[in-house]
Amino acid sequence: MNPIGTRILLVEDETPMRRFLRTALSAREFEVIETTNIREARLSVTAHPPEIILLDLGLPDGDGIAFTHEVRAWSQVPIIVLSARGREEDKVLALDAGADDYLTKPFGVNELLARIRVALRHAGQLQAGMSHETVLKIGPLHLNPERREVRMHDQIVALTPIEYRLLWHLARNAGRVLTHQQILKTIWGPHYTHQTHTLRVFMAQLRRKIEPDPAHPQLLMTEMGVGYRMRDDG
Amino acid sequence: MGYAIGLLAVCITTGLAHWIGSVLTPPDLVMLYLLPIMAVAYRFERQAALVTAAMSVAAYDYFFVYPYFTFSVADPRQILTCTILFLVGMVTSDLMTRIRHQQQEARERQSDTEALYNLSREVLTSLDDEEVAQIITRHAATLFKGEAGIWLEDGHGGLHRLAVTPDYFQLSEQAMGMVRWCCDHGQSAGRGTDTFPDESFTVLPLVTGRIHGALAIRIGNRTLMKHERSSLLSAFARQATLAMDRTRLGEEVRSATIRVQSEEMRATLLSMASHDLRTPLAAITGASTALRDEETHLDASQHKELLETICTEADRMERLITNLLDMARLDSGLCHLNLEWIPFEELIGSTLVRLEKRLLGRKVIIHVDETVAMIHVDPVLFQQVLVNLLDNALKHAPDNPEITWNVHGSNERVIIRIGDRGPGILPGMEEKIFEKFVRGAGSGVPGSGLGLAICRGVIQAHQGTIHAINRARGGVEFRIELPQPPLPMDCFSFDLEAVMPEESNL
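Protein sequence lines, in the order shown, are assigned to chains A and B. In this text, residue positions in the first sequence follow this note's numbering: the first is 5, and each later residue adds one. In this text, residue positions in the second sequence follow this note's numbering: the first is 41, and each later residue adds one.
It is possible that some hints are incorrect.
[Unchecked claim] Simulated restraints, written as ranges between beta carbons of each label pair:
| hint | chain 1 | residue 1 | chain 2 | residue 2 | range |
| --- | --- | --- | --- | --- | --- |
| 1 | A | D65 | B | R332 | 54 to 62 Å |
| 2 | A | R212 | B | Q503 | 30 to 38 Å |
| 3 | A | D65 | B | R306 | 31 to 39 Å |
| 4 | B | S314 | A | Q159 | 53 to 61 Å |
| 5 | B | Q503 | A | D65 | 39 to 47 Å |
| 6 | B | E334 | A | T19 | 20 to 28 Å |
| 7 | B | A307 | A | T19 | 33 to 41 Å |
If you are wondering where the hints come from, they were derived from the structure by calculation, not from laboratory data. C-beta atoms are modelled at their ideal positions from N, C-alpha and C, and glycine is treated no differently.
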């Protein structure tokens with residue numbers, strides 16, 4: 005992925021935040037389109053379709069969550085929410101609305117760039133239509149979807165079908181936070197979205213099989229109160 | 041009624057006198073006729089006694105004074121006897137009536153006193169105006185067998201209906217005008233007063249420095265409207281005024297106390313928070329202005345150092361702000377618990393991950409009992425407790441790497457012990473360290489003094505306890521005890537492998 009010329013739509017009403025983001029992102033050769041409210045963002049999104057949206061939640065003419073829903077109705081463009089609302093409920097709300105990621109203010113440039121990278125890569129994979137033949141490699145973890153084979157440090161790990169699906173889902177979204185609801189809905193279906201404790205039990209089992217020290221995980225990370233994330237250093 | 045009884049009594053006396061008349065002299069018979077007069081005077085009104093006296097004289101004259109069976113009198117001395125009999129009867133009936141009235145008054149006074157006593161005893165225990173008003177109207181309605189209501193000025197020039205008994209008691213527009221007049225002038229109005237005496241009810245003022253209101257009462261029982269009762273009515277109003285005044289005063293004292301306490305608290309919080317926020321801010325301002333203004337004089341390492349300062353101090357400030365917000369949320373009571381079953385291992389794992397950067401080279405020895413696979417807590421808040429306690433151990437025992445976690449369950453409780461080998465807590469500070477802005481021994485250690493206060497807030501919200509004790513071989517152990525409901529059956533038995541959906545496009 006080459007960020008040069010990648011068009012970012014920035015929706016943020018705070019001037020200092022815009023200045024910081026413009027400076028930091030332009031320095032990395034991103035093309036930044038600045039808007040300060042939802043009305044402008046709506047126009048911009050259709051006039052100059054961006055490759056990624058950085059969205060503040062508390063905007064003068066409306067809520068970013070509603071805008072997320074609006075965009076998701078017709079586009080899969082990655083949306084990263086940047087918000088001062090740090091509560092877990094707010095994160096879940098934004099992610100369930102269709103945001104790809106959520107960064108709580110304050111955050112560092114490196115963290116933002118890492119999240120942008122993950123979001124762009126994931127979007128790219130979606131567009132390319134990832135084939136089932138591709139072997140997924142995340143650090144020492146290798147997943148071969150064709151053979152339904154999971155290897156950790158080249159050792160085959162035996163997983164139950166559900167465990168495999170859970171791991172595959174997280175691995176495919178490596179670097180992104182998936183909410184409990186999203187995971188439960190994908191793996192078990194829409195009727196099981198309240199079974200958070202069951203998901204936790206399966207995650208614990210999965211950690212025992214994959215993590216060298218399940219009490220100090222390196223891959224399967226908990227985002228407390230929000231969901232899970234497969235760590236992705238790449 | 042009194043007259044009939046009088047007539048009957050005179051007849052009986054006459055019969056009696058006739059029967060034993062043979063052994064008595066006429067003057068004895070006169071004495072005998074005093075009996076019915078006294079009996080009637082004792083029991084009935086004065087008129088009945090007088091009529092009885094007249095009938096007694098007539099009967100005596102008719103039956104026992106010569107010529108018999110006529111009202112004429114032959115002997116002039118007998119006229120004197122009859123007159124004296126009538127006069128004695130009159131005086132007796134007067135005295136008797138008076139005694140009777142005094143007795144009745146005494147009884148009434150006693151019941152009034154009792155009523156007032158009951159009222160004051162009941163209002164003493166009540167805490168607010170409304171309750172007091174309800175008690176007073178209830179008592180007034182019972183005592184005066186009518187209806188009563190209390191209105192208070194609401195501070196915006198209007199009148200607020202505080203309580204009425206019974207519920208349907210209402211006043212007309214005009215009556216409300218009287219209530220307002222009564223509040224404004226501090227004088228009674230309506231029946232039994234000089235103002236609007238034709239009204240069907242009485243309005244009494246309830247006015248002190250603190251309250252402006254009125255008690256309106258419609259007396260149901262006619263005999264209760266006599267003049268003497270108006271003193272009871274005003275005593276009632278006085279009692280009501282005093283009681284409401286007292287609750288007002290109590291409320292003022294209470295709110296003043298709370299205000300003082302919260303102001304003290306706010307003052308401490310503000311001074312602490314402003315100090316703790318200004319310190320990192322000062323470093324950031326200093327470092328960033330140096331970078332801006334003196335760039336040419338700085339070498340590469342100084343440059344880097346200043347940038348490093350800005351970053352770490354900004355981090356510190358963020359942690360402090362987060363802590364302050366968490367504390368405020370816990371204090372406000374707006375923080376509701378999202379209780380969920382979560383594997384203890386997951387809590388530990390995410391705690392260690394959150395403090396990963398600071399854990400480098402430090403060993404955390406973890407022992408979780410098999411019986412405590414899952415724990416029922418608010419995962420987000422409880423993780424914050426674990427993070428704060430581990431952070432505390434890392435800060436206060438930086439040189440000694442050993443940190444131990446022990447988790448075991450017993451009797452529907454889970455006990456979590458987190459120990460370090462640091463310098464420990466000064467004796468007597470074991471409870472104090474959980475208070476806001478109180479810091480333990482190593483005061484050189486950076487921190488907000490809020491971490492442990494947040495821990496206690498969260499644990500208490502979970503109905504649990506947290507204590508700190510100095511360990512025998514050095515260091516501190518924090519001990520958390522949490523009540524735990526039994527693990528739901530479906531936690532493990534719910535076989536989700538069985539409900540695996542059809543092959544999808546995963």
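Hints, verified against the model:
Separated by about 35 Å at the C-beta atoms, D65 of chain A and R332 of chain B break the suggested range of 54 to 62 Å. Take R212 of chain A and Q503 of chain B: their Cβ atoms lie about 31 Å apart, and the range 30 to 38 Å holds. Distance hint check: the CB atoms of D65 of chain A and R306 of chain B are about 35 Å apart, consistent with the given range 31 to 39 Å. For the pair S314 of chain B and Q159 of chain A, the supplied restraint of 53 to 61 Å holds, since their beta-carbon distance comes to about 56 Å.
Checked against the hint of 39 to 47 Å, the pair Q503 of chain B and D65 of chain A passes, with Cβ atoms roughly 44 Å apart. Taken as a hint, the range 20 to 28 Å holds for the pair E334 of chain B and T19 of chain A, whose Cβ atoms sit roughly 27 Å apart. Between A307 of chain B and T19 of chain A the CB atoms are about 34 Å apart, so this pair conforms to the stated range of 33 to 41 Å.
In this structure, only the earlier hint numbered 1 is contradicted, and the remaining ones agree with it.
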